[in-house]
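Start from chain B and add chain D according to the hints.
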Amino acid sequence: DQQVKQNSPSLSVQEGRISILNCDYTNSMFDYFLWYKKYPAEGPTFLISISSIKDKNEDGRFTVFLNKSAKHLSLHIVPSQPGDSAVYFCAASSPGTPLVFGKGTRLSVIA
Amino acid sequence: KAGVTQTPRYLIKTRGQQVTLSCSPISGHRSVSWYQQTPGQGLQFLFEYFSETQRNKGNFPGRFSGRQFSNSRSEMNVSTLELGDSALYLCASRDGRRNSPLHFGNGTRLTVT
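One line per chain: the protein sequences are B and D, in this order. The opening position of the first sequence corresponds to residue 1 in the numbering used here, with each subsequent residue numbered one higher. The opening position of the second sequence corresponds to residue 1 in the numbering used here, with each subsequent residue numbered one higher.
No wet-lab data here; the hints were simulated from the structure. For each residue, glycine too, the CB sits at the ideal point set by N, CA and C. A couple of the hints might just be wrong.
[To be verified] Heads up, simulated DSS-like pairs for lysine-lysine below, C-alpha to C-alpha not over 27 Å straight-line:
(1) B/K71 to B/K5
(2) B/K103 to B/K54
(3) B/K103 to D/K57
(4) B/K68 to B/K103
(5) B/K56 to B/K5
(6) D/K57 to B/K5
(7) B/K5 to B/K54
(8) B/K56 to B/K68
(9) D/K57 to B/K71
[Claimed, not checked] Far from chain D by the CB rule (all over 10 Å, computed), these chain B residues:
(10) Q14
(11) E15
(12) I18
(13) I20
(14) K68
(15) A70
(16) S74
(17) V78
(18) Q81
(19) P82
(20) D84
(21) K103
(22) I110
Chain B on its own, in the form it takes in the complex (with noise of 0.2 Å):
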């Protein structure tokens, strides 16, 4: 059982367009929202992070949107840029509980 989704598997996008990045879960009680990047032959890095008492956070040109009662969350980036190429992992958490991570959805940025 799935509890964080992440049905694209992939993702092509113009470089300087937006990248829109999709993550959906079913756990109502996760409270605690990431998204990370990872290269090949890399550990995933942390992108940005957002509460549940929040429904938009902003870092630079990564923003991530929260919808609750949607169960859905979304990393945008603008302006995409060839360096954001990699694999895009959406997790989420529950108080005292570990981090659960989608499968990942591979950006490509092409210039």
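Relative to the frame of chain B, chain D by itself:
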């Protein structure tokens, strides 16, 4: 500050053998978690240790075990290796705050032949 260090980076073992992987967390981080990544399965949680105590355990067979030392360094052990254990094993550490993010090492790539 040095990041999370995992050794070795690559390992090749045969079925039936056992293996020990090592992880040194970021200085000051007392929580260490282990994840298994396989193609198409994302990151699957193995276990979490905090101050030498196992705090959470994932849904893996008893062949997978771990421990944490007083200096917060951690090891995980897999006994009686199976072909399906071939994966990238990732260690992550974080500080003790409630919503602090995990910081990952670069992983150990285990291949079982």
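Outcome of the hint check:
A distance of roughly 11 Å separates the Cα atoms of B/K71 and B/K5; the hinted pair therefore holds under the 27 Å criterion. The suggested pairing of B/K103 with B/K54 holds, with an alpha-carbon distance near 24 Å, which does not exceed 27 Å. Of the pairs offered as hints, the one joining B/K103 and D/K57 holds, with about 20 Å between alpha carbons and a cut-off of 27 Å not exceeded. A C-alpha spacing of about 21 Å is found between B/K68 and B/K103, which places the hinted pair at or below 27 Å, so the restraint holds.
Distance check on the hinted pair: B/K56 and B/K5 sit about 20 Å apart at the alpha-carbon level, within 27 Å; holds. Taking the CA atoms of D/K57 and B/K5, the gap is about 21 Å. The hint holds against a cut of 27 Å. Between B/K5 and B/K54 the alpha-carbon distance is near 21 Å, which keeps this suggested pair within the 27 Å criterion. As the CA atoms of B/K56 and B/K68 are separated by approximately 11 Å, the hinted pair is consistent with the 27 Å bound.
Between D/K57 and B/K71 the CA atoms are separated by roughly 25 Å; this keeps the pair inside 27 Å, and the hint holds. The beta carbon of B/Q14 sits about 27 Å from the closest Cβ of chain D, which is more than 10 Å, so the claim that it is off the interface holds. Under the 10 Å C-beta cut-off, the non-interface status given to B/E15 relative to chain D holds; the minimum distance is some 27 Å. A cut-off of 10 Å between C-beta atoms confirms that B/I18 is not in contact with chain D; the least separation is 24 Å.
In this structure B/I20 is separated from chain D by more than 10 Å, as the shortest Cβ-Cβ distance comes to about 20 Å. Even its closest Cβ contact with chain D, about 16 Å, leaves B/K68 beyond 10 Å, as expected for a residue assigned away from the interface. The claim that B/A70 lies off the interface holds: its Cβ sits roughly 21 Å from the closest Cβ of chain D, which is beyond the 10 Å cut-off. The non-interface label for B/S74 is consistent with chain D: the shortest C-beta to C-beta separation is roughly 18 Å, beyond 10 Å.
Annotated as non-interface, B/V78 keeps its C-beta farther than 10 Å from every C-beta of chain D; the closest such distance is 22 Å. With 10 Å as the threshold on Cβ separation, the claim that B/Q81 sits away from chain D holds: the shortest Cβ distance comes to roughly 22 Å. Look at B/P82: its CB is around 22 Å from the nearest CB on chain D, clear of 10 Å, so calling it non-interface holds up. Every CB of chain D is more than 10 Å from the CB of B/D84 (nearest about 18 Å), matching its label as outside the interface.
Interface exclusion of B/K103 from chain D breaks down, the closest Cβ pair being 4 Å apart, not more than 10 Å. At the 10 Å boundary, the C-beta of B/I110 stays outside the reach of chain D, the nearest C-beta of that chain being 24 Å off.
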